[in-house]
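What follows is each chain in one-letter form.
2 protein chains.
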Amino acid sequence: MARTQGSHSDITGPRIRAAALSLFARHGYAAVSMRQIAGEVGVQAGALYNYTPDKQTLLFELMRTHMEDLLSAWDTEAPQAGGAMVQLEAFTRFHIRFNTSRAEAVFVSYMELRNLSPENFELIEGLRRDYETRLEAILRAGAEARVMVVTEPRIASMALIAMLTGVNTWFREKGRLSLAQVEAVYWDMVRRSVAGEAGLGA
Amino acid sequence: MARTQGSHSDITGPRIRAAALSLFARHGYAAVSMRQIAGEVGVQAGALYNYTPDKQTLLFELMRTHMEDLLSAWDTEAPQAGGAMVQLEAFTRFHIRFNTSRAEAVFVSYMELRNLSPENFELIEGLRRDYETRLEAILRAGAEARVMVVTEPRIASMALIAMLTGVNTWFREKGRLSLAQVEAVYWDMVRRSVAGEAGLGA
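Chains as they are written, first to last, in the working numbering: chain A, 2 to 203; chain B, 2 to 203.
Hints in this document: simulated from the structure, not taken from any laboratory.
Any given hint might turn out to be false.
Since the list gives no way to pick one copy over another, a pair counts as held whenever it fits inside one copy or between any two copies.
What the hints assert, rightly or not - Listed below are the simulated DMTMM-like cross-link pairs for lysine to aspartate or glutamate, each with C-alpha atoms no more than 25 angstroms apart in a straight line: (1) 175 with 153; (2) 175 with 126; (3) 175 with 133; (4) 175 with 131; (5) 56 with 123; (6) 175 with 120; (7) 56 with 76; (8) 56 with 126; (9) 175 with 123; (10) 175 with 69.
Predicted model only: the values in this text are computed from it and were never measured.
Start from the sequences, fold in the hints, and give me the full structure.
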């Protein structure tokens with residue numbers, strides 16, 4: 002994307018992204034103008050175009066960055082050793098922690114898929130599939146090692162991701178349960194959902 | 002809400018609701034004007050106000066109707082006999098079928114919560130809680146009868162509903178699996194997610 006290098010743009014870029022994300026989350030992409038984003042940042046609308054060619058690119062870059070951050074964070078955090086159940090527990094806890102810490106980006110990434118151009122939609126869908134495939138591989142490995150029962154690994158990966166992302170709709174920092182406790186409750190359900198009879202001993 | 006009775010309004014009302022739902026789903030509530038909705042229906046903007054006092058009321062009525070339809074459909078369909086596992090299977094299949102058949106209303110109901118006035122938000126949240134409570138009661142009954150293991154019935158109900166609603170994000174009528182097959186895959190996961198060792202015999 003067109004981007005002016007240099008200190009001005011290096012400082013302004015993150016502020017533009019933050020303002021756009023917050024405004025898109027609050028009002029929806031279609032209802033937010035470049036002028037509004039500029040106003041939130043405290044620059045002239047024209048200054049935005051030094052940073053991004055248009056609103057579509059701004060939305061796409063927000064969603065791309067979110068998905069790439071998610072992928073690289075998991076790839077860094079995924080256990081290097083341990084079987085499929087160890088991987089699945091790590092994935093479960095990682096997904097809840099990452100997504101609750103970026104609720105606005107998660108919301109916009111789901112809600113604004115409809116507002117991406119067809120080419121941009123394909124690219125974001127590809128990244129989303131990459132992430133789902135990480136979980137699918139864990140489920141396939143678990144089924145192969147006979148520590149899990151998973152008849153449809155692809156569908157199971159989407160089902161579990163939807164379940165885990167759902168934490169965002171109700172979790173509050175000051176609620177009855179800490180995030181660690183929430184992780185434990187979900188991990189118990191995830192574990193059971195793929196466990197054969199042998200896997201429920203614990 | 003203010004509503005002119007009579008044949009004109011009786012015909013126009015459903016068309017206004019359908020147009021508003023479709024436009025809100027496509028562009029988002031904030032980006033859609035009453036004029037646009039009127040244009041889609043083929044009436045003057047002024048005619049809309051015979052039907053609804055404002056756009057907020059229109060959104061609220063769409064969401065209220067959706068939640069009330071969901072609740073009354075489940076209350077009609079819930080098995081009159083059978084234990085908690087029978088109820089849970091019926092709920093699982095019902096939720097997937099109802100929600101995939103009304104994808105736009107489900108999407109708007111989730112996405113536009115942020116655009117409800119505080120009082121309207123409370124009312125819709127109350128209906129949502131009523132629905133979650135139906136599932137929670139099944140899980141509590143199952144745990145009490147020792148046919149299920151559910152440590153946190155409230156959280157489990159939200160987790161399962163999120164998982165089941167997720168079908169909407171990927172299911173396509175002409176896909177590899179029929180809706181009945183999808184129901185079966187999800188029911189297997191739901192059943193396992195709450196099953197103790199004894200429950201996995203099948």
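Here is what the structure says about each hint:
Within a single copy, residue 175 and residue 153 get their C-alpha atoms only as close as 37 angstroms, which misses the 25 angstroms cut-off; across copies the closest is 18 angstroms, which meets it. Taking CA atoms no more than 25 angstroms apart as the test, residue 175 paired with residue 126 passes between copies only; the shortest distance there is 19 angstroms, against 34 angstroms inside one copy. Taking CA atoms no more than 25 angstroms apart as the test, residue 175 paired with residue 133 passes between copies only; the shortest distance there is 22 angstroms, against 30 angstroms inside one copy. Taking identical chains as interchangeable, the C-alpha atoms of residue 175 and residue 131 lie at most 25 angstroms apart only when they sit on different chains, with a minimum of 23 angstroms there against 33 angstroms within one chain.
Taking the shortest Cα distances, residue 56 and residue 123 sit within 25 angstroms of each other inside one copy (18 angstroms), while across copies they are farther apart (33 angstroms). For the homomeric pair residue 175 and residue 120, the shortest alpha-carbon distance between copies (23 angstroms) is at most 25 angstroms, but the shortest distance inside one copy (41 angstroms) is not. With identical chains, the CA atoms of residue 56 and residue 76 are never at most 25 angstroms apart, being 30 angstroms at best within one copy and 45 angstroms at best between copies. For the identical chains of this complex, residue 56 and residue 126 are intra-copy neighbours only, at 19 angstroms inside a copy versus 33 angstroms across copies, given an alpha-carbon limit of 25 angstroms.
For the homomeric pair residue 175 and residue 123, the shortest alpha-carbon distance between copies (20 angstroms) is at most 25 angstroms, but the shortest distance inside one copy (38 angstroms) is not. Proximity of residue 175 to residue 69 under the C-alpha cut-off of 25 angstroms is found in neither arrangement, the shortest distances being 29 angstroms within a copy and 31 angstroms between copies.
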